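**Student:** Each protein sequence line maps, in turn, to chains A and B.
Residues in the first sequence are numbered consecutively from 1, following full-length UniProt numbering.
Residues in the second sequence are numbered consecutively from 1, following full-length UniProt numbering.
It should be emphasised that the hints constitute simulated quantities derived from the structure, not laboratory data.
Where hints are given, some of them may not hold.
Claimed, not checked - What the simulated footprint calls covered on chain A by chain B, stretch by stretch (three residues with Cβ under 8 Å from a Cβ of chain B suffice, anywhere in the stretch; the number is not a length):
| no. | region |
| --- | --- |
| 1 | 12-26 |
| 2 | 61-73 |
Claimed, not checked - A few chain B residues facing chain A, derived, Cβ under 8 Å:
| no. | residue |
| --- | --- |
| 3 | T11 |
| 4 | G19 |
| 5 | A22 |
| 6 | L23 |
| 7 | F25 |
| 8 | W33 |
| 9 | N63 |
| 10 | L65 |
| 11 | V85 |
| 12 | G97 |
| 13 | A100 |
| 14 | V105 |
| 15 | R106 |
| 16 | P107 |
This structure is a prediction, so every number in the text was calculated from the model and none was measured.
Even glycine gets a Cβ: it sits at the ideal position worked out from N, Cα and C.
There are 2 protein chains.
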Amino acid sequence: MSDPDIRPGETTVELPAPGDAALRFIGRIRTPWAQREECPRQGRMDGPECRIELNPVWHPALNGLEDYDMIEVLYWLDRSRRDLVRQSPRSDGATIGTFALRSPVRPNPIGTSLVRLVRIDGGTLIVRGLDCLDGTPLIDVKPDRCAFTPMAPPKS
Amino acid sequence: MSDPDIRPGETTVELPAPGDAALRFIGRIRTPWAQREECPRQGRMDGPECRIELNPVWHPALNGLEDYDMIEVLYWLDRSRRDLVRQSPRSDGATIGTFALRSPVRPNPIGTSLVRLVRIDGGTLIVRGLDCLDGTPLIDVKPDRCAFTPMAPPKS
Chain A
1 MSDPDIRPGE
11 TTVELPAPGD
21 AALRFIGRIR
31 TPWAQREECP
41 RQGRMDGPEC
51 RIELNPVWHP
61 ALNGLEDYDM
71 IEVLYWLDRS
81 RRDLVRQSPR
91 SDGATIGTFA
101 LRSPVRPNPI
111 GTSLVRLVRI
121 DGGTLIVRGL
131 DCLDGTPLID
141 VKPDRCAFTP
151 MAPPKS
Chain B
1 MSDPDIRPGE
11 TTVELPAPGD
21 AALRFIGRIR
31 TPWAQREECP
41 RQGRMDGPEC
51 RIELNPVWHP
61 ALNGLEDYDM
71 IEVLYWLDRS
81 RRDLVRQSPR
91 SDGATIGTFA
101 LRSPVRPNPI
111 GTSLVRLVRI
121 DGGTLIVRGL
131 DCLDGTPLID
141 VKPDRCAFTP
151 MAPPKS
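Next up, chain A with everything else stripped away, as it sits in the complex (with noise of 0.2 Å):
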């Protein structure tokens, strides 16, 4: 009840340790906000270009990246609380479930998002559309699922 972070009307649950299945952070997001206060609430594609950073080990696997203009990107809210099952985003107190919000704070805080590739320097992915702080940690990078054709053939 006293817990600070909470607003009126928003709803905890009790949760077991996760364990379900483990993450590998392969890179890392460098962006210019340092701060939540300061990342716009939407990545915008006249946005700053922002820089993915992939550990050397996952180098090779950008091979054919750079035949997209538009990419998903996958990272981990790694300050966000879990435990959120209502929340209260606005100023008026209305409360919402926390899947019918694009907030960081959900049960497994991965934040998705589409953004454009301006070019790719060696390890390094120049973007733009991104919205997240500074250093946080790189879950996945594929092809927008709109751009993308399978290169083999659909089955029969």
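Once you've looked at the hints, dock chain B against the given chain A.
**Tutor:** Chain B only, in chain A's frame:
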């Protein structure tokens, strides 16, 4: 070299134990596809209805999701190997980097799908557009980024 799951030209890397972050599964996805060979390559909006079953603790977190027609679903591709940096999806043996594919084989095997929300039955979402195996563990559900208008005004 004798790994029967590796195609010619594919490359693996040695990975440390995972553990940078831990996921909690929040439910299960029920689809008509029990074997990988049966799954469609990409989900279709005119595909069959599938069920996303949330664990009871998360049912209140669905409140408000009914306002959205299109939702984003994240799930764990629990049968996928995670150490391929280059893959050979075509029969001609050409290889391409893992991050230039939407293959389930990736360092963190998280699938993302954009699906049509047909209806919500209690704690179960009925959707169209999935392509994953029956029983796939659920990680997250959120409104499609295109449809989602933040309830809070943009920051100045």
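**Student:** Work down the list of hints and note, for each, if the structure agrees.
**Tutor:** Structure-based check of all given hints:
| no. | hint | verdict |
| --- | --- | --- |
| 1 | 12-26 | holds (count 13) |
| 2 | 61-73 | holds (count 8) |
| 3 | T11 | holds, 7 Å |
| 4 | G19 | holds, 5 Å |
| 5 | A22 | holds, 4 Å |
| 6 | L23 | holds, 4 Å |
| 7 | F25 | holds, 4 Å |
| 8 | W33 | violated, 11 Å |
| 9 | N63 | holds, 4 Å |
| 10 | L65 | holds, 4 Å |
| 11 | V85 | holds, 4 Å |
| 12 | G97 | holds, 4 Å |
| 13 | A100 | holds, 3 Å |
| 14 | V105 | violated, 11 Å |
| 15 | R106 | holds, 6 Å |
| 16 | P107 | holds, 5 Å |
Of the numbered hints given earlier, the model fails hints 8 and 14; all others are met.
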